[in-house]
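Chemist: Okay, here's what each chain looks like letter by letter:
There are 2 protein chains.
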Amino acid sequence: MKKEPRDIRPADGQSDNGRRRFLKGGLAALGGVAATSVAARAATPAPEITEVQEWNQFLGDGVAARPYGMPSQFEKHVVRRDVEWLTASRESSVNFTPLHDLDGIITPNGLCFERHHGGIAEIPPEKHRLMINGLVDRELVFTMDDLKRFPRVNRIFFLECAANSGMEWRGAQLNGCQFTHGMVHCVQYTGVLLKTVLEECGVKTNAKWLMPEGADASGMNRSVPLEKALDDCMLAFSMNGEALRPEQGYPLRLVVPGWEGNMWVKWLRRIEVGDQPWHTREETSKYTDLLENGKSRRFTWVMDAKSVVTNPSPQAPLRFKGPNVLSGLAWSGRGAIKRVDVTLDGGKNWVTADIQGPVLPKSLTRFYVNFEWDGKPLLIQSRAIDDTGYVQPTKNELRAARGTNSIYHNNGIQTWHVRENGEVENVEVS
Amino acid sequence: MKKEPRDIRPADGQSDNGRRRFLKGGLAALGGVAATSVAARAATPAPEITEVQEWNQFLGDGVAARPYGMPSQFEKHVVRRDVEWLTASRESSVNFTPLHDLDGIITPNGLCFERHHGGIAEIPPEKHRLMINGLVDRELVFTMDDLKRFPRVNRIFFLECAANSGMEWRGAQLNGCQFTHGMVHCVQYTGVLLKTVLEECGVKTNAKWLMPEGADASGMNRSVPLEKALDDCMLAFSMNGEALRPEQGYPLRLVVPGWEGNMWVKWLRRIEVGDQPWHTREETSKYTDLLENGKSRRFTWVMDAKSVVTNPSPQAPLRFKGPNVLSGLAWSGRGAIKRVDVTLDGGKNWVTADIQGPVLPKSLTRFYVNFEWDGKPLLIQSRAIDDTGYVQPTKNELRAARGTNSIYHNNGIQTWHVRENGEVENVEVS
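These protein sequences, in sequence, are chains A and B. If you count the first sequence from 1, position 46 lands on 46 in full-length UniProt numbering, and the numbers rise without skipping. If you count the second sequence from 1, position 390 lands on 390 in full-length UniProt numbering, and the numbers rise without skipping.
These aren't lab readings, by the way, just hints derived from the structure by calculation. Owing to the predicted nature of the structure, the values given are computational and were not obtained by experimental measurement. Be careful, since some hints might not be right.
Pairs involving identical chains hold if they fit within one copy or between any two copies, as the list cannot separate such chains.
[Stated by the list, open to error] Heads up, simulated DSS-like pairs for lysine-lysine below, C-alpha to C-alpha not over 27 Å straight-line: (1) Lys321 with Lys195; (2) Lys127 with Lys76; (3) Lys127 with Lys321; (4) Lys295 with Lys228; (5) Lys195 with Lys228.
I would like the entire structure built from these sequences, with the hints used as guidance.
Modeler: Set out below in structure tokens:
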């Protein structure tokens, strides 16, 4: 068919008389199409477009206007949020990643949740130092320039606070996956393997533990077993290609893949090498799991396999009957996610979710389920299985094993109840 | 060894008398250590730290202070830049990714280069429509909500402008990899396979070509062969987890993996399906490669394998003798990078670079070479080989094949000359 040259004008239905032009009659014309899933997707009630859109009609900003780009003005609702009553002050508190508004496996840097205890330190990089002392042959002090001259690696890892979902031990409390599960993010870290730098210092044969320590006002410290340090820990200075954000520890943080978030000490200034753990505040008073028998589990380092459906969720209600995309995240501190199962009816029937995008060890993994919503209530759950065979447990299984005195390591299955009007609430099921 | 509890104070050299304390004597003490590579890295001349750093001493910002986080105040130099004389106006121009300041394979959203022809359109997402018309069974108009109800995928891809390195056809012109190679970025896209949406419309058997068209003031359009459209093209609405940035086409853009950047139409409003190419301005007047014999190559879609060393480079001089990390990027529009070779002496000796991080098809790939700099001049080059066996050519090989009348598809090997004072300049070698 020979085509005439076409001007670039909004389609006006005149250039090809024999064809239906949906735009000519406005979107209302779509109402007449047979009620297949085609029409069900494409015929969402939407205002007719009768005028040429104004964004065609004027020049927008030029290329020099935004040296560092920002999100669209229409995305202002996509932000980290905090829960004001959660802590006594905001300088020692946490904010939450807006999981319900995100997709894929990479968390954009500006939306990565963070927790700190003394406010965000602002450290001039040329003044920052990392000292390694203790049971080493050579105690050394490194500048940032020094660290950037060691062999470098790039790894994509999730970071989860051990207290993520902590409120939920005692039942369905917070209404939104941002709040129930939002102490997690995932970025590509660039840095040096801790092993490389420890080898530079020469670790003594009786060394067994490391104590990383932060340079902020709160001086966070934890004990890290040497075996883990020499395995896959990193000294990271970049996240998703650019320097760490101040709230993620600029200019340097520790990365402890798959393990409790607070071990990933930010604003890292010192690592002491020793032969015993230090039993710091952040692994005794905090970050131990008080069991029903009055004893505490301590050094519960690994973040167990976990998943959550991010859409639909309380902050992301269902708005359409018919075809919908259920979306969620799964992760495991032990390795890669092998499979995610999803149920829409509270566990009577399970389907295997579609995992989309790279599947990397100790990284977030994105899954989807395409489903048809008939407008009836749903009870949505997801269940992650990692490549060790570990299966994400129910909250009740966790409570039976550990009691409810802890706020840590709640990796139980999350249930969302979808009402007939599409609203979603956080519920518990027995 | 029994350890006493330690306060969290800057190391003062008193708690363990038997050990050398480097900090006690200041960093100058390191000058006394044997001049091994250890000392060479750790003993960079740096001001003594004698006072407690002030960032320990006051509370920083709380968790509610930054709903959308920003880079450190100390990273203000990491920005997109434009070249003012390159185009007649900034509303139809390009800016460049600061490759020399980045690492890993993910480009942070705010630093992704962009090119536009009518300024940045600002489109309210609820008013945006995508129409698919022409040789289809059902011509349909989609809202953004509609598109988010189709099965979804996540893919990490590079995007490179075909004119990247275009100035360099005529010799070493621009002084910095941001300017010679900065029309490239790499993010994880979330969206729908174009194939899925085309199937919804029903592509007629005589259809062979697609024409995507943009909604901005310039109405960019290109012809895309149907085979490519049905292969791996995407309709993308997210980049690195959040909505597209306005300058990357919010709320919707086409993704044409591995192919010329301007085919990835931004602010995508319409796709016409036809049986012949449209020969639009952007594939006739522009984006054809004028050869020496007066004829033009057209429809040169694939971005050939390419690489560049980003550090050292003119904007990132060498500052230290001894151990250094050479860093660079490689990519191919035909698939994955198989190998990158690097030379420091203009091609007499080549080493295989260390590829770090995931190696994905049609994505940026990061490579490093750890080398010792003795302070003598260097001629640095990198050469990429992709998994089809294609080897990145020299610029002279390209000129011999195609002449110098084009500004497109310059994927030739880049040479940096490092002077004895560490400064780096863009050079040509025969």
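Chemist: Does each hint fit the structure? Answer for all of them.
Modeler: Status of the hints after comparison with the structure:
Taking the shortest alpha-carbon separations for Lys321 and Lys195, only the inter-copy value of 23 Å comes in at or below 27 Å, while the best intra-copy value is 54 Å. Taking identical chains as interchangeable, the C-alpha atoms of Lys127 and Lys76 lie at most 27 Å apart only when they sit on different chains, with a minimum of 17 Å there against 35 Å within one chain. With identical chains, the CA atoms of Lys127 and Lys321 are at most 27 Å apart between copies only, with a shortest distance of 21 Å across copies and 58 Å within one. For the homomeric pair Lys295 and Lys228, the shortest alpha-carbon distance inside one copy (25 Å) is at most 27 Å, but the shortest distance between copies (62 Å) is not.
With identical chains, the CA atoms of Lys195 and Lys228 are at most 27 Å apart within one copy only, with a shortest distance of 10 Å there and 45 Å across copies.
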